[in-house]
Structure formats: C-alpha cells, structure tokens
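Number of protein chains: 2
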Amino acid sequence: MTSSQPSSRHLVVAAGQLGPVHVGDSRESVIERMCILLDEAASRKVKLVVFPELALTTFFPRYLLDDQELKSYFDVDDPTQGGIAQAPRVKRLFDHARSHAIDICVGYAERAVQPDGSHVDYNTSVYYSADAGKVVGKYRKVHLPGAVEPYTAAGAYQQLEKRYFRPGDLGFPAFRAPGLIDGALKKKDGVTDPAQSKLRGDPIIGILICNDRRWAEGWRVYGLQGTEIVCCGYNTTAFATKATGEMVDMSAEEAEAEVLLHHKLSCQGNSYMNACFSINVAKTGVEDGNPLVGGTIIVHPNGHIIQEAETKQDELVVAEIDLEDCRRGKEKTFAFEKHRRVEHYRMILDRAGAIEPELL
Amino acid sequence: MTSSQPSSRHLVVAAGQLGPVHVGDSRESVIERMCILLDEAASRKVKLVVFPELALTTFFPRYLLDDQELKSYFDVDDPTQGGIAQAPRVKRLFDHARSHAIDICVGYAERAVQPDGSHVDYNTSVYYSADAGKVVGKYRKVHLPGAVEPYTAAGAYQQLEKRYFRPGDLGFPAFRAPGLIDGALKKKDGVTDPAQSKLRGDPIIGILICNDRRWAEGWRVYGLQGTEIVCCGYNTTAFATKATGEMVDMSAEEAEAEVLLHHKLSCQGNSYMNACFSINVAKTGVEDGNPLVGGTIIVHPNGHIIQEAETKQDELVVAEIDLEDCRRGKEKTFAFEKHRRVEHYRMILDRAGAIEPELL
Numbered sequence: 001m002t003s004s005q006p007s008s009r010h011l012v013v014a015a016g017q018l019g020p021v022h023v024g025d026s027r028e029s030v031i032e033r034m035c036i037l038l039d040e041a042a043s044r045k046v047k048l049v050v051f052p053e054l055a056l057t058t059f060f061p062r063y064l065l066d067d068q069e070l071k072s073y074f075d076v077d078d079p080t081q082g083g084i085a086q087a088p089r090v091k092r093l094f095d096h097a098r099s100h101a102i103d104i105c106v107g108y109a110e111r112a113v114q115p116d117g118s119h120v121d122y123n124t125s126v127y128y129s130a131d132a133g134k135v136v137g138k139y140r141k142v143h144l145p146g147a148v149e150p151y152t153a154a155g156a157y158q159q160l161e162k163r164y165f166r167p168g169d170l171g172f173p174a175f176r177a178p179g180l181i182d183g184a185l186k187k188k189d190g191v192t193d194p195a196q197s198k199l200r201g202d203p204i205i206g207i208l209i210c211n212d213r214r215w216a217e218g219w220r221v222y223g224l225q226g227t228e229i230v231c232c233g234y235n236t237t238a239f240a241t242k243a244t245g246e247m248v249d250m251s252a253e254e255a256e257a258e259v260l261l262h263h264k265l266s267c268q269g270n271s272y273m274n275a276c277f278s279i280n281v282a283k284t285g286v287e288d289g290n291p292l293v294g295g296t297i298i299v300h301p302n303g304h305i306i307q308e309a310e311t312k313q314d315e316l317v318v319a320e321i322d323l324e325d326c327r328r329g330k331e332k333t334f335a336f337e338k339h340r341r342v343e344h345y346r347m348i349l350d351r352a353g354a355i356e357p358e359l360l
Numbered sequence: 001m002t003s004s005q006p007s008s009r010h011l012v013v014a015a016g017q018l019g020p021v022h023v024g025d026s027r028e029s030v031i032e033r034m035c036i037l038l039d040e041a042a043s044r045k046v047k048l049v050v051f052p053e054l055a056l057t058t059f060f061p062r063y064l065l066d067d068q069e070l071k072s073y074f075d076v077d078d079p080t081q082g083g084i085a086q087a088p089r090v091k092r093l094f095d096h097a098r099s100h101a102i103d104i105c106v107g108y109a110e111r112a113v114q115p116d117g118s119h120v121d122y123n124t125s126v127y128y129s130a131d132a133g134k135v136v137g138k139y140r141k142v143h144l145p146g147a148v149e150p151y152t153a154a155g156a157y158q159q160l161e162k163r164y165f166r167p168g169d170l171g172f173p174a175f176r177a178p179g180l181i182d183g184a185l186k187k188k189d190g191v192t193d194p195a196q197s198k199l200r201g202d203p204i205i206g207i208l209i210c211n212d213r214r215w216a217e218g219w220r221v222y223g224l225q226g227t228e229i230v231c232c233g234y235n236t237t238a239f240a241t242k243a244t245g246e247m248v249d250m251s252a253e254e255a256e257a258e259v260l261l262h263h264k265l266s267c268q269g270n271s272y273m274n275a276c277f278s279i280n281v282a283k284t285g286v287e288d289g290n291p292l293v294g295g296t297i298i299v300h301p302n303g304h305i306i307q308e309a310e311t312k313q314d315e316l317v318v319a320e321i322d323l324e325d326c327r328r329g330k331e332k333t334f335a336f337e338k339h340r341r342v343e344h345y346r347m348i349l350d351r352a353g354a355i356e357p358e359l360l
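Respectively, the protein sequence lines represent chains A and B.
Everything in the first sequence is counted per UniProt numbering, starting at 1 for the first residue and increasing by one.
Everything in the second sequence is counted per UniProt numbering, starting at 1 for the first residue and increasing by one.
None of these hints come from the bench; they were simulated from the model.
Careful, some of the hints might be misleading.
Identical copies go unnamed one by one, so any copy, or any two together, can satisfy a pair.
[Stated by the list, open to error] Straight line, CA to CA, 16 Å or less: simulated EDC-like cross-link-like pairs of lysine to aspartate or glutamate:
{"hint": "1", "residue 1": "K242", "residue 2": "D95"}
{"hint": "2", "residue 1": "K91", "residue 2": "E40"}
{"hint": "3", "residue 1": "K187", "residue 2": "D322"}
{"hint": "4", "residue 1": "K71", "residue 2": "D121"}
{"hint": "5", "residue 1": "K198", "residue 2": "E331"}
{"hint": "6", "residue 1": "K242", "residue 2": "E256"}
{"hint": "7", "residue 1": "K242", "residue 2": "E258"}
With the rest of the complex left out, here is chain A (with noise of 0.2 Å):
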C-alpha cells in the first residue's frame, strides 16, 4: 500500500493572468504581453506557464457576429502546416517559451482545417513542450455554457459559445510532459510494473476550459488517467445571470462574490477530490465595458490555495510545487481501485439530463 519515497518531483509553475484583450487589440500587441510574461517567469526558474481560454482575443461570444466579423477570432489550425505553433500570427509566442525552456498552455478559438478543407471551430487549448518543441497535448472544451440563438429579454447579457463552437471531440485526453522534472522514469527503464511506475513518470497533465472546471466528470476523467497538474483558464464574466441571460437580482459585490465562491469550489473541490494540482488562469479586468472576475488561483492537491492573483491586470502567478504531494490522496482516500463502485455510476452514462422520481 504504501511506496518507497523517490526523490522529490519539484517544479515551479506559474498562472499567466492577463488583464482585458479589447475589440481590435492585435495578436502582436497580445503575445508581446504574453511574452513580457514568459520573461519574468525565466527570471523566476518557471518551467510550464498556464494562460486563460482564448488568451490572444477578447471574450468575443458576448456578441452576436456574422461570419466575418467571427473569423478574425479564430486562428487556423492546419495539421499539414505544422498546426498552430507554426500559424504565422501566434508563431512568436511558442518560439519564445522554447528559447526560455519554458511549456506553455495557451487557449485560442481553432479553425481545425479538415482533410477535405472545410473547417470545425473549437475552444481549445494546447500543451506547447519546449522540451519536444512540439505541441503534445490539446483539448478541446467539452462543455459550453451559453446558447446557440441569441438571448431575446431585455437587458439579456449574450453567451453564444454554443453558437460559435462545436463542442470537443477529443475527450479528456491526459499526456505526459517531458523534461519538466529531473529523474522521470522513461520507458527505456524498463520498469513494466504499474505499481512501480507510478506517479514516477514524466508529469502528467489534463486540461480543462473555463466552464468545464464546474463539471466533476472532466476532473474524474483526468483523474482515471493519474493527472497530477490540471490546466485551466476561463474568461469568467463577474455577475450572474439568469437562464434567460438577464441579470440574477444582487448588488454587483455580492454577485462578484458569489461567482468567484463557485470559481474556487469547482477548482479547489476538484483538485482535492482528484488529488491533483491546478492551475486556474483568468482573463481579468473590463474587457470594453464588460467585467470579468480574477481568482487566479493554484491549487494543492490537498484543496488548499497556495498562490493567488492580487490584480486584475498581466500577472504571473508562480508556486513552487511538488508532484509527490499528489501521492496521500491518490494512494489513501481517493485510492480509487480500493473505494470506486463503478457497478452504481451507470446513471452518468445513461442520461444526459435528469429524470425525476414519478409523482406520488
């Protein structure tokens, strides 16, 4: 049950929080912050920053846009072109994290060309290993909040992610980044017993996106895969509206308060009951009058938050962690093997939405 100690898994890492991106800011004037970012984070020994969902635009679902207007969000993703690491707009940003031996995960809004050259839109993340000098993770969001037609009551604040995005077709998919730590077991060990291999590989990694981190099924789906870091940035809007898109009757503190008191339950109460860290990046500030909470926050493990955001503006977050903090959840009360009964979960499978018990 329990496992010799192996050297520690040390890492520092860090949040790249961002202040507003506003309508017609340029790519170039974003990844010039997002690499002032990265240099601070080199000075600071960082190996892996995290950036918000749809880092390099502004939270464009919260407008209603035609197709022309929309494409400008988008950034093309074409596989036989080396895929968005080598997109000529966004090219700068990977390059400069590789020449700091510096991961990133970013998110952008994918035009995935397709074999036939039509194309899909997602919300998605990637993983950029400055180790492999290749992107080697990449998620796109499964659940996207909002609606496919517009919000029709008056005063309805817009959230068209539904409109605008096909939702992820790649499932939960966690990796392996290389060079992160010092000491990773490799494959050319040749160690073949899970028991002996785990939690002593390179680190393992999931990404979530913004909305997801409210849905305990993504979190389990990593945490299946032994995830030890999650990665997750959201553009979080700082009140609170109703099904019809009106706002929820409270003062705009309260409603802050109560956003950003879901933002931390869904991250710290997920981390914990997956034993994992996280990371949880914001798009902050007023993006062209429209507020968005901060809370960026890194999670232990353990539920607690071990470094958080003071601003609301560009700012790196950085924590030293230790993967092997993963280890007491993962090999005692979230020891899954020992405690899952998977026999009574079929429900999560058999219905989308709920049924409820007949009337009496």
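Based on these hints, arrange chain B on the given structure of chain A.
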C-alpha cells in the same frame, strides 16, 4: 427555458448533530437525546431532522472486534417484522418523530435479514416519513473507507468499515417525501409533461453517508434524478492519517483545519455542482478519547453555508429553506440536458482505478 413561478416551496429543516456516543452507552440513552432534539425541532416548526451516520452507537469501526462484540452494535432490519422502524430497541425514535409530524433521516448499523434467514451487514441510513408513517427511503453506504485487515504500523489508527460492512447494493436511489411541503403537485393532478411538473412535486431527497460526500459520482447520480435535498450524516476523525493508518505529520490544529476544509469543499462544491441543498450532520466531540470533527452545515444550492453548528455537542442546527432556490442552477449552469456530453464520460464506468498514460 424559463418557467412561470409556482408558489414557493418553503420548509424548515434541521441537522440533529450529536455529541459523542461512548462504548457502552445504551440505545435508550442515545434515543432519549435524539428525542430531546426532536422536541426542540417541533417547537421551532422543523419538518425534517437529519441525524448522523451510525447515530445509535459509538463509531465502532475504529476497533478490531470479535463477532460477539460486533453484534452489539448492529440493529436487525427484518422486512418481515416491519423493518427498522418497528425494531424494539429503536421504535421509540420513529414513533416520537411521527407524534411531532417530523420526518427523520437516521444512520445505523444494519444487520439485514435475508429471505433464507442469513444476514448481511451494511452502513445504512433510512428516511422515515411522518406523513406516510413509514420508511420511504433507504440508502446503504457505497464508498466504504478504510480496510478489511487492520493496519499493522505502530500507532496506526484503525478504520475497519470495509471489514464490517458490505458496500451498499441499492445505488443512489432518490425518492420523494410526502407531506413535507404544502401544494406539491401529485400524480392525481394528471400532469404528464415532465417540463410542467419539474420541481413542482413532493421534495426529491437523496441520502449519502460520510465518505460518500467526497465522491462526485454519488452526488451526480442524485443530481440526475433532480434531487433537491441531500441528507448526509458523518463520523469524521479530527486528524489526518496516511494510507498506513499512521498520523500525518502536522499539528492537531492544522489537521483539524484540513479535515474541515475537505468536508466543506466536498459538501459545498457538490451541492453547487448539482444545484441542491445538503444537510450535513456530524457525530462529534471526543468518543472515548477519539476526536471527531464537528462542522455540521446546511448548504444552499448556490454553494453557500446557510447554517453551521456552534458546538461539538448535541445541537439542533435549523434553517428555513426554499426549494425554489434549486431552480436557478438546475435551469441554467447545471441544466444537464443542455450541457452534459456523456460520450466523453465512458472512462468513469470503464475503469475503477487510475491507469496512467504510458511512460515516455
């Protein structure tokens, strides 16, 4: 998407927190304490009181017991004899609740008599409806913590639930509680459209027990049945142990703070993520030298704690709630039918334990 607002669904509920129950304390003495809490509840117009896990006895899984000792902690539940509500030693509790027109949810060690006369032991809670005059909901703990074999490390703290109980065989069965609120829609009203009856019938209740509250799967299965109130009793040690049963190296104060953080993240996070109230009630204080945390809390569907215990003794923690408050979450952020993508959740059923990605 929106619904016309029905009349409010107000209800006064309570957690019947219990202080310690020591080895040798009689059922009679414990039930007397519970009846005193029910008397207070009646005077405060409470309609539902939730009592802790294993409320009638000390938390005996901390001891290695022989069959004879073990037997003394179980209550026989024989369906041919009217079940637990008619069991001679505990009948008074249910009768007293009914005399006050109060529903109770109560945990006990169930020795379930089988058709062939043999028995199976479970860690169980039942929901007794005063209106129906019988048990209308039963739950047997699915996520049993601890181990079958005693820990052998020096100073190890035992947790033998896996030795003494079989994992629950009933899944997570939500049920409706008649008579709790006025004006509930009934089958005889002839409404056949689920959208019309949604959240308008008798309250939908689910039961969890202690460690279950840390497992998002149970909460979600209840959420997928439209559950409005989760009743969760617990006995939780006020210190932290490793997978070996040995103490984690931290001060008593730090350990208790961490245990309470995990408790609150679990109850608040999962209530929020399923848009339901939860009534989380401790057996607390020091049982024969063994400290249990308090932290009895009633949680709102928006994740707030709306009422919290002030002591580590017998204490009635009362809150007036409005089941209508479940509606905002269930109709927007957690409108499961709009947002869940079950095709990406298969791993939740396909594997019990974690399988890591291949080594690089």
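(request) Provide an ascending list of the numbers of those earlier hints which the structure does not satisfy. (result) 1, 2 and 3
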